[in-house]
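So you can see what is in the structure, the chains are spelled out below.
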Amino acid sequence: MPQGSSWHMPMPDNPSNKEAAMYLPDYYEFCCRVKTVAGHQALETIPDLLSDMGAQKPMIVTDQGVSGAGLVDTVMTAMAGKVTPGPVADDVPPDSDLRMVNGLASVYRENGCDAIIAVGGGSVLDTAKAVNILVSEGSDDLMAFTGANALKRKLKPLIAIPTTAGTGSEVTIVAVIADPDKRRKMLFTSPFLLPDAAVIDSRMTLTLPPHITAPTGMDALSHAVEAYTCLAKNPLSDAHALEAIELISTHLVNTVKNPGDRDGRLALATAATLAGIAFSNSMVGMVHTLGHSVGSVCHVPHGTCMAILLPYGLEYNMHKVEDRIAELLFPLAGSEVYASTRPHDRATAAISLIRKLNQDLFDATNGRHCTAFNQVKTPEGHPAVCSRDLEAIARTALGDGSIFYNPEELDFDDCMLVLSAAWDGTPLDRSKVKQG
Amino acid sequence: MEDFVEIKPGGAPLKRIYLNLMLWFVGRAVQAASKVDPAVRQEFDSMPMGFIFSLGAFPSGPWMVVEKDANGRVKYLGQRVKDRNIDLRMTLKSMDALLLLFTFQESTPVSNARNRLFVEGEVPHACTVVRILDMVQVYLLPKFIAKRAIKRYPRWSLKRHTLDRIQVNIRTLIGC
Numbered sequence: 001m002p003q004g005s006s007w008h009m010p011m012p013d014n015p016s017n018k019e020a021a022m023y024l025p026d027y028y029e030f031c032c033r034v035k036t037v038a039g040h041q042a043l044e045t046i047p048d049l050l051s052d053m054g055a056q057k058p059m060i061v062t063d064q065g066v067s068g069a070g071l072v073d074t075v076m077t078a079m080a081g082k083v084t085p086g087p088v089a090d091d092v093p094p095d096s097d098l099r100m101v102n103g104l105a106s107v108y109r110e111n112g113c114d115a116i117i118a119v120g121g122g123s124v125l126d127t128a129k130a131v132n133i134l135v136s137e138g139s140d141d142l143m144a145f146t147g148a149n150a151l152k153r154k155l156k157p158l159i160a161i162p163t164t165a166g167t168g169s170e171v172t173i174v175a176v177i178a179d180p181d182k183r184r185k186m187l188f189t190s191p192f193l194l195p196d197a198a199v200i201d202s203r204m205t206l207t208l209p210p211h212i213t214a215p216t217g218m219d220a221l222s223h224a225v226e227a228y229t230c231l232a233k234n235p236l237s238d239a240h241a242l243e244a245i246e247l248i249s250t251h252l253v254n255t256v257k258n259p260g261d262r263d264g265r266l267a268l269a270t271a272a273t274l275a276g277i278a279f280s281n282s283m284v285g286m287v288h289t290l291g292h293s294v295g296s297v298c299h300v301p302h303g304t305c306m307a308i309l310l311p312y313g314l315e316y317n318m319h320k321v322e323d324r325i326a327e328l329l330f331p332l333a334g335s336e337v338y339a340s341t342r343p344h345d346r347a348t349a350a351i352s353l354i355r356k357l358n359q360d361l362f363d364a365t366n367g368r369h370c371t372a373f374n375q376v377k378t379p380e381g382h383p384a385v386c387s388r389d390l391e392a393i394a395r396t397a398l399g400d401g402s403i404f405y406n407p408e409e410l411d412f413d414d415c416m417l418v419l420s421a422a423w424d425g426t427p428l429d430r431s432k433v434k435q436g
Numbered sequence: 001m002e003d004f005v006e007i008k009p010g011g012a013p014l015k016r017i018y019l020n021l022m023l024w025f026v027g028r029a030v031q032a033a034s035k036v037d038p039a040v041r042q043e044f045d046s047m048p049m050g051f052i053f054s055l056g057a058f059p060s061g062p063w064m065v066v067e068k069d070a071n072g073r074v075k076y077l078g079q080r081v082k083d084r085n086i087d088l089r090m091t092l093k094s095m096d097a098l099l100l101l102f103t104f105q106e107s108t109p110v111s112n113a114r115n116r117l118f119v120e121g122e123v124p125h126a127c128t129v130v131r132i133l134d135m136v137q138v139y140l141l142p143k144f145i146a147k148r149a150i151k152r153y154p155r156w157s158l159k160r161h162t163l164d165r166i167q168v169n170i171r172t173l174i175g176c
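Residue numbers (our numbering), protein chains in the order written: chain A, 1 to 436; chain B, 1 to 176.
Worth double-checking, as some hints may not be accurate.
What the hints assert, rightly or not - DSS-like mimics (lysine-lysine), calculated; alpha carbons at most 30 Å apart, straight line:
1. A:K35 - A:K82
2. A:K434 - B:K82
3. B:K35 - A:K182
What the hints assert, rightly or not - Quick look at which bits of chain B chain A covers, simulated, 3 or more residues with Cβ under 8 Å:
4. 68 to 80
5. 127 to 140
6. 159 to 169
I should point out that these hints are in silico values taken from the structure, not numbers from a laboratory. Glycine is no exception: its CB is placed at the ideal position from the N, C-alpha and C atoms.
Bound conformation, chain B alone (with noise of 0.2 Å):
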C-alpha cells in the first residue's frame, strides 16, 4: 500500500477557479471580522493561541486555512494545508459538496446533516469556527443569499448592518 499513486480529481477548472476565490475571500473575511466584530473576537478567544484551521475540499482542495497566533491576532494564512499542523480540519466530501457550500444551495447544518462534511478535531472548536463563519456570511452576503446560508438570520444593530459590514468588506479587499 506504500506505492499507490494518488490520482487526484481533474476538470471543472472553473468551480475550482470559483471555490478558489471564494475561500480566499471567506479566510480574509473571516480576519477582518475578528479585528472589527467583539462578537467574532469573543469567539476566537476561546481558542488556544496557535490554533490553526481549515476548510476545504477532499481530497485535493482548495482550502482556505486560519490561524489564531501566538498574540491572540487571526490571520488567514492562505490556502496550503501541507506541512501545516492544522488542529481542526473541517472538510467536504467533494468539491461538488463544497460548490453547494458556497453557491448557497445549502447551508452548513444542512451540509453538515446530509453528511457531506467532516470534520477532524475537537467538536467544541468546530462549533465555534461554524459560528464565526455564519457571522462572516451576514457580513458579506445580501441578506436574502445569506439566509439560505444559515439557520436564523441575526438581528443585528444599525451600526454592525452598516458601518462594521462596510469596515469588514474593506479590509476583506484591501488584506488587513
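Same shape as in the complex, but just chain A (with noise of 0.2 Å):
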C-alpha cells in the first residue's frame, strides 16, 4: 500500500526512465468543464445547480436497483421542498441499448422536462446522456450521432449522481450504448456530452455490496492505469491518473471490508471521478477494447471484465510502455517499495500488485470477485463466458474504437491469446506476443 498522502516521483534512475517520466506530446487537448460537488451531504445542493442551470422540471433516470436501495428517495429528501422533479425513470438495464434510449426520450418529451437528473452507475449516467442527445437534437436516429465529435452543440442541461465508484461517466465525454441486433457497444465521444454537474455523495455508494464495489473500483483503476499507459496520455490526465491510483490502491480492499467506511467511499468515488477525468482526456486502450466486447457478447458486468483483463492488458504493452508501467508502481505501492525495487524490475511488479489486488478482493468477498473469465456465472449460476464465445468476443473487439488508442497492434489472434489466457486466468506468454 502506499505510504504518504500524495505522491511525488522520485528522480529517474536512467535515461530511459527520464524520457517516459517526463512525457510531454508534440499537442495534447484536455477539457473537464463539469462543476463537481463532493463530500457527505453534497446532495443538498441539487436544487441550487439546477436553479444556476434555469432548469425546473427534471426528468430522474435511475434503474431498479437504485431505487430499490432508496438512493432516489434520499435524492429526494435532499431536493424536497426546492425543486418539483418530473417523472422517475427507473427501468434502465445493466446493458442499456436504443430501444430503452429512444423509450426514456419519449418519457422526456410528454412530460415537458427540462433537464436530466442521472442517478445510477454507468449504464444509467450513460442513458441520460443518450437520452440527452435525442430530446436536445429533436431526434429520435441515436445512431445519426455516433463516433466521435457527432455533436455541434451545448444539449439540456444534466446533473450526474454516481452510485457505483467506478465509471467516472460523471465527468467524461463517453456514452457506450449497445446495439442489441450488431450485439456491438455503441461509442459516442464528444465534450457536449460532459454533464453540467457531478455530484459525488458518499451517502449514495455506502449500500452498495462489497462484491459490487470491488469490480467497481477495478473498473476505475483500469480507467487510471489505461489513461496513463496507452496513446493520447498527456501531462494533465497523468497527474488524475496517478492520484486515482494512490486512492484505490489506499482504500478498495479496506471498503471492501468495510462497506460502512463513509470516508473510503468518499476516498473511492473520488478516486473514480480523478479517473473518469484522466480517461476521457486520454482515452483507454486495449482492456476496454476487449472488455466492451466480453460484455456486449456475453454480457458480463463492465467492472468484472475490467478486473480481469486489466494485468493481462499491461502485460500484452509491456514491450512498447515499460516504463509507464514501471511507474504505476509508485502509486500503486509507495515510496518505499518503489524506490527498493530495481528500475527493469518495477513494471513486473506493478502488474502483479495489480494481480494481488484482485486477490485480495478475489478472497475479500468470499470469491465473489473474479480473477478469470472461466469463474464469471450468469445470475442462474452457468458460466457466463464459454471459451467458444472467445472468436466473436475477438472479433467484435477489432470493431471498438478504443483499439485506436492501444500502444501495440491488436489483431484478431492478438486478441484471441490475450483473452485465452484470461479466461483460464494464467499469466499472459509474453514470448507469444507479436512485435515488428
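Take the two lone chains and join them into the complex the hints point to.
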C-alpha cells in the first residue's frame, strides 16, 4: 500500500525512465468543465445547481437496483421543497440499448421536462447522456450521432449522481450504448456529453455490496492505468490518473472489508471521478477494447471484465510502454517499495500488485470477485463466458474505437491470445506477443 | 447565419499539390490492394454494398473517396466529396494535420490520439478502414518509413512482400 498522503515521483534512475517520466506530447487537448460537488452531504446542493442552469422540471433516470436501495428517495429528500421533479424512469437495464434510449426520450418529451438527473452507475449515466442527445437534437435516430465529435452544440442540462465508484461517466465525454441487433456496444464521444454537474456523495455508495464495490473499483483503476499508459496520455490526464491509482490502492480492499467506511467511500468515489477525468482526456486501450466486447457478447458486467483483463493488457503492451507501467508502481505501492525495487523489475512488480489486488478482493468477497473469465457465472449459475465465445468476442473487439489508442497493434490472433489467457487465469506468455 | 460566406484557407499550393498527389495515389492503391490482397478483400467484405468512405482535410480538402459498389468491387472515386452520400468521413482538422500524416511524421493512431482526426460514421467501419490503410501503406512504403506510419510492421509472407507488392504498385500506377 502507498505511504504518504500524496505522491511525488522520485528522480528517474536512468535516461529511458527520464524520458518516460517527462512525457510531453507535441500537442494535446484536455477538457473537464463539469462542476464537481463532493462530500458527505453534497446532494443538498442540487436545487441550487438546477437553478443555476435555469431548469425547473428534471426527469430522474435511474435503475431498479438504485431505486430499490432507496437512493432515489435520498435524492428526493435532498431536493424536497425546492424542486418539483418530473417522472422517475427507473427501468434502465445493466446494458442499456437503443430501444431504451428512445423510450426514455419519449417520456422526457411527453412530460415537458427541461433537464435530466441521472442517478446510477455507468449504464444509467450513459443512458441519460444518450437520451439527452435525442431530446436536445429533436431526433429519434441515435445512430446519427455515433462516433467522435458528431455533436455540434450544447445539450440540455444534465446532473450526474454516480452510485458506483467506478465508471467515472459523470465527468467523461463518452457514452456507450448497446446495439442489440449488431451485438455491439456503440461509442459516442463529444465534449457536449460532459454533464453540467457531478454530485459525488458518500451516501450514494454506502449500500453498495462488497462484490460490486470490488469490480467497480477495479473499473476505475483500469481507467486510470490505461489513461496513463495508452497513446493519448498527456501531463494533465497523468496527474489525475496517478492520484486516482493511489486512492484506489489505499482504500479499495479496506472499503470492501468495511462497507460502512464513509471516508473510504468518498475516497473511492473521488478516485473514480479522477480516473474518469483522466481517461476522458486520454482515452483507454485494449483492456476496454476486449472488455466492451466480452460485455457485448456474454453480458458480463463491465467492472468484472476490467478487473480480469487489466493485468493482461499491461503484459501485452509491456514491450512498448514498460517505463510507463514501471511508474505505476509508485502510486500502487508507495515510495519505499518503488525505491527498493530495481528499475527493470518495476513494471513486472506493478502488474503483480494488480494481480494481488484482484486476489485480495477475491478473498474479501468470498470468491465473488472474479480473477478469470472461467469463474464468471450468470445469475442462474451457468458459466457466463465459454471458451467457444472467445472468437466472437475477438471479432467484435476489432470494431471497438478504443483499439486506436492502444500502444501496440491488436489483430484477431492477438485478441485470442489475450482472451485465452484471461479465460484460463494464467499470466500471458509474453514470448507469443508479436512485435514489429 | 444562412448567408455567411465560407472562408476557405488559401496559400500553401505546394502542400495542396503534394497532398492531392498522395491521396490520389493512396486511393488508387486501396482499389489495387482490394484486388490483390485477400486480407484487404476480407476487410472490405465486412462493409455493406454501396459503402463510401472519404479521407481528407477540413474544411475544403483535399480528399480521396473510395466506394465498395453494388457488385462488391472497390473503386477509387476521385477527390470530389460534394453531392456524394458518404457513409464514413475521416477528416483531419486541417491540411497541416493531413500533411503530418502523409509525411509520416505521425501515424493514424497518434493523429487520432492528438485529436487531429474526427470520424463521422460508424466506428467499427472506421476501424476497418484504418486496417485497410495500414496494409496499403505497407505495400506502398519502404519498411523504414512504413514503421513510422503504423503501430507494428507485419510479418508477411515473402510472396506478399514481393510479388503482391509489385502487383499493387503496378495496378496503382495504371489504375486498375
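Quick rundown of the hints versus the structure:
no. : hint           : result
1   : A:K35 - A:K82  : holds, 20 Å
2   : A:K434 - B:K82 : violated, 42 Å
3   : B:K35 - A:K182 : holds, 28 Å
4   : 68 to 80       : violated (count 0)
5   : 127 to 140     : holds (count 4)
6   : 159 to 169     : violated (count 0)
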